[in-house]
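Please model the complete structure; the sequences and the hints are all you need to start from.
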Amino acid sequence: MRHIRTGVLFGVIAGLLTFLFSGWSVAVMGLFAGVGLGLALESRLDRGSPSNLAKQVLPAALTAGAILLVLSLFQNFVVQPAIGKPSSYGNVFVPANIIGVIAIIALTMITASFRGLEEKWEKRAKMILLAVVAIAFPFIDTFTGLRWTSNVIFALIFVILGLGLNIVVGYAGLLDLGYAAFFAIGAYTTGILSSPQHNIYMNFWLVIWIAAGMAAIWGLMLGAPTLPLRGDYLAIVTLGFGEIIPVLFRNLIDVTINEPLTCWIIPGIQKMFGATSTVACINLVNHMDITAGERGINPIGRPSFFGYEFQSNNPTPWYFLIMAIILLSVFIIQRLHKSRMGRAWMAIREDELAAAQMGIDPIRTKLAAFAMGAAFSGFAGAFYAAYIRGIFPSVFDFSASIIILCVVILGGIGNINGVIVGGLVIMTADRLFLPALKDFLKGLMDFTVLPSLASNPTLQSIVAQNANPILYRFLLFGLTLVIMMAVRPEGLIPSAQMRAELHKDEEVVIDVEDNQKSKAKKG
Amino acid sequence: MLELKDVHTYYGNIHALKGISITVNDGEIVTLIGSNGAGKSTTLRTIQGLNKPRTGTIVLDGVELEKLPAHEIAGLGVAQSPEGRMIFPRMTVLENLEMGAYARKDLTTYKADMEHVFDLFPRLKERIGQKGGTLSGGEQQMLAMGRALMAKPKILLLDEPSMGLAPLLVELIFDIIKKLNEEGTTILLVEQNALMALSIASRGYVLQTGEIILSDTAENLKNNEMVQKSYLGVE
Ligand SMILES: Nc1ncnc2c1ncn2[C@@H]1O[C@H](COP(=O)(O)OP(=O)(O)O)[C@@H](O)[C@H]1O
Ligand SMILES: [Mg+2]
Chain A
24 MRHIRTGVLF GVIAGLLTFL FSGWSVAVMG LFAGVGLGLA LESRLDRGSP
74 SNLAKQVLPA ALTAGAILLV LSLFQNFVVQ PAIGKPSSYG NVFVPANIIG
124 VIAIIALTMI TASFRGLEEK WEKRAKMILL AVVAIAFPFI DTFTGLRWTS
174 NVIFALIFVI LGLGLNIVVG YAGLLDLGYA AFFAIGAYTT GILSSPQHNI
224 YMNFWLVIWI AAGMAAIWGL MLGAPTLPLR GDYLAIVTLG FGEIIPVLFR
274 NLIDVTINEP LTCWIIPGIQ KMFGATSTVA CINLVNHMDI TAGERGINPI
324 GRPSFFGYEF QSNNPTPWYF LIMAIILLSV FIIQRLHKSR MGRAWMAIRE
374 DELAAAQMGI DPIRTKLAAF AMGAAFSGFA GAFYAAYIRG IFPSVFDFSA
424 SIIILCVVIL GGIGNINGVI VGGLVIMTAD RLFLPALKDF LKGLMDFTVL
474 PSLASNPTLQ SIVAQNANPI LYRFLLFGLT LVIMMAVRPE GLIPSAQMRA
524 ELHKDEEVVI DVEDNQKSKA KKG
Chain B
37 MLELKDVHTY YGNIHALKGI SITVNDGEIV TLIGSNGAGK STTLRTIQGL
87 NKPRTGTIVL DGVELEKLPA HEIAGLGVAQ SPEGRMIFPR MTVLENLEMG
137 AYARKDLTTY KADMEHVFDL FPRLKERIGQ KGGTLSGGEQ QMLAMGRALM
187 AKPKILLLDE PSMGLAPLLV ELIFDIIKKL NEEGTTILLV EQNALMALSI
237 ASRGYVLQTG EIILSDTAEN LKNNEMVQKS YLGVE
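So the protein lines, in turn, are chains A and B.
Taking our numbering, the leading residue of the first sequence gets 24, the next gets one more, and so forth.
Taking our numbering, the leading residue of the second sequence gets 37, the next gets one more, and so forth.
Hints were generated in silico from the structure; no laboratory data involved.
Think of the CB as a built atom: it goes at the ideal place given N, C-alpha and C, for glycine as much as any other residue.
The hints are all genuine.
So, partial list: chain A residues that the calculated Cβ filter (under 8 Å) puts toward chain B:
| id | residue |
| --- | --- |
| 1 | Arg366 |
| 2 | Met369 |
| 3 | Ala370 |
| 4 | Glu373 |
| 5 | Leu376 |
| 6 | Ala379 |
| 7 | Gln380 |
| 8 | Met381 |
| 9 | Ile383 |
| 10 | Asp384 |
For lysine to any residue, the following SDA-like pairs were computed, each having C-alpha atoms within a straight-line distance of at most 20 Å:
| id | chain 1 | residue 1 | chain 2 | residue 2 |
| --- | --- | --- | --- | --- |
| 11 | B | Lys103 | A | Arg387 |
| 12 | B | Lys103 | B | Thr93 |
| 13 | A | Lys149 | A | Ser72 |
| 14 | A | Lys361 | B | Pro125 |
| 15 | B | Lys141 | A | Gly365 |
| 16 | B | Lys88 | A | Glu375 |
| 17 | B | Lys141 | A | Met364 |
| 18 | A | Lys294 | A | Leu284 |
| 19 | B | Lys258 | B | Ser235 |
| 20 | B | Lys141 | A | Arg387 |
| 21 | A | Lys361 | B | Lys141 |
| 22 | B | Lys141 | A | Asp384 |
| 23 | A | Lys361 | B | Glu131 |
| 24 | A | Lys361 | B | Arg140 |
| 25 | B | Lys88 | A | Asp384 |
| 26 | B | Lys214 | B | Ala202 |
| 27 | B | Lys258 | B | Glu64 |
| 28 | B | Lys188 | A | Arg363 |
| 29 | B | Lys88 | A | Leu252 |
| 30 | A | Lys361 | B | Gly165 |
| 31 | B | Lys215 | B | Phe154 |
| 32 | B | Lys161 | B | Ala137 |
| 33 | A | Lys361 | B | Ala137 |
| 34 | B | Lys103 | B | His44 |
| 35 | A | Lys149 | A | Leu515 |
| 36 | A | Lys361 | B | Leu143 |
| 37 | A | Lys465 | A | Gln103 |
Listed below are several chain A residues computed to face chain B (Cβ distance under 10 Å; list not exhaustive):
| id | residue |
| --- | --- |
| 38 | Arg372 |
| 39 | Asp374 |
| 40 | Ala377 |
What follows is the structure, encoded as structure tokens:
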């Protein structure tokens, strides 16, 4: 029964999303929903023979497939006319639906049957499946003409940011409300080092490391004086830092730096004795425009790869580049998490005093978390700057920090997979689904709702003006958070620890003070 | 091996330790008794560097501890089973024990030490994968002691190991403390349960409102009229 419920959930979500995109989207949705449903069911199944497991999930798979098909048909024959588009027949509609339904059923069963493999192979099979989907995605996207890749790339940028922030918040337990500042530092480092702004054109492959290093250095500089602070205080200081950085970049447009000795100190002393100044003031920087303020820095240099220069109109290479960065990041972060430093982070998060008693240097450990976390947002910033080709201070304001924090919390604090899913869900919702929903609603308004309101012009104009979901972006966002925290506070894919923490009642009950037994054992 | 000389510790304006001098020799169990708020925990915290003495010296095997940060002191071989246990609630029993060995440089006997902890506290072995925060009070006490032992300390500081435990368990814990000492561990034991403490210690200090008012062998303290009246409940 629970399986079928999950099947319904995936079928409905996939089906409703076809409303927004139509065309081939049903096939692509079937693919993703099949893998998602399969993975969701897989972890809940008892081990058994693969064919048996596939049979177990068949009802759920069929349910999902049926719902997807029904919604897709409804979309084509009812929704399309309602939003002023013709229903399609034949060469896209038929194959798209057939592929979509087969994909959701088959992939659910195949993925669920992985549970029947040996644990090591189960893991590998899942990895391979995900790798195949990830690699195939941009090609499917190009073929079907959906053009999702460029927005998915945004989601992936936030995945890296989430992964970095997860080190700080999830592993070390330090609440950082100004994390976007490091993202900005990475992006601006890249902008300054590879644009006409200063006529410096450094190679992207070098700049990305410099950006990461720069962000890490700033992480250390901010961390050193503030990390001795605890909890709430630290959060407030990071909040301030997150506010200052965009302001700084906005205003570094007319910078003059004079060498203090020759410009003030020596002339000052001379003046004190009544003499006129004789030293020439050494001027280090004169009216320099470092960041171009609101105008932003652009165009920023693009990476090239063995002679191929990345282009704005072809997102596929960018997609693979960011995937590679994510893979590298995940690899490094997993290593870090299991390392001595990772254990120290955990201890600090649990109990700072106890950690110090174990011989862990709290300041150094927290600094390391801050710097490492910042370094990953430096990567993200460098990629972002090169991908967008221009950077503007407003991108990095407080709301960016909060969104990254939400990626971590919504996905599952402390869990790499959770953060990846969180980033994908939040950012695709924001950049892909919301704009599509806007177009969808506009069609619906123009062709169905508004004409039916023609008798009441006031109401008509109110509805027309407010039927734009982009206006409610933060409202929807907040609502999602509230619902998530109420329903599933541990996030979509929680770490084992968080789950244990938040669902204590579901854990095995532990007997109390049964000391007779242990005494007897000893004696 | 450990020597405190005229140690003064403050919490803001509160003068918690008013010139304390304590010596613990190699292989001894020394106990610090006193009523609530006398400054016993503060003494241990000061040794461990969690509180800094305003004046006075603390020397362990020739190294001055009083200026060092807590984590460095841990690295020099001082481990504590603190008041309130302070185990890591979301780590498992095993992970907690592993954390205990964090500061150790010599890990050659690591496995054997882990086994030894499990020999002393079979209960911990049964609970090896359980989260520290879900253990019972007695189990948490065992875990705190086990974790301190995993540091293979030169000196083990125990802060009220019997607090809040059922009488049978108190006996078990004291048996283990005695056993540990017989195996060569130097122990500074803080207790309100003065009778138990004095029965296993070789020497003791009596602390009252931040001052040492008595110090003698455990045997003499047990027979001291004032101690009997104030701490042993003898009328
Ligand atoms: N964190 C603290 N801040 C202020 N005063 C404290 C603090 N901890 C302990 N004290 C005070 O220091 C004195 C000694 O406390 P403590 O060492 O905990 O006593 P004991 O362990 O002997 O019961 C008490 O008067 C107590 O109120
Ligand atoms: Mg105390």
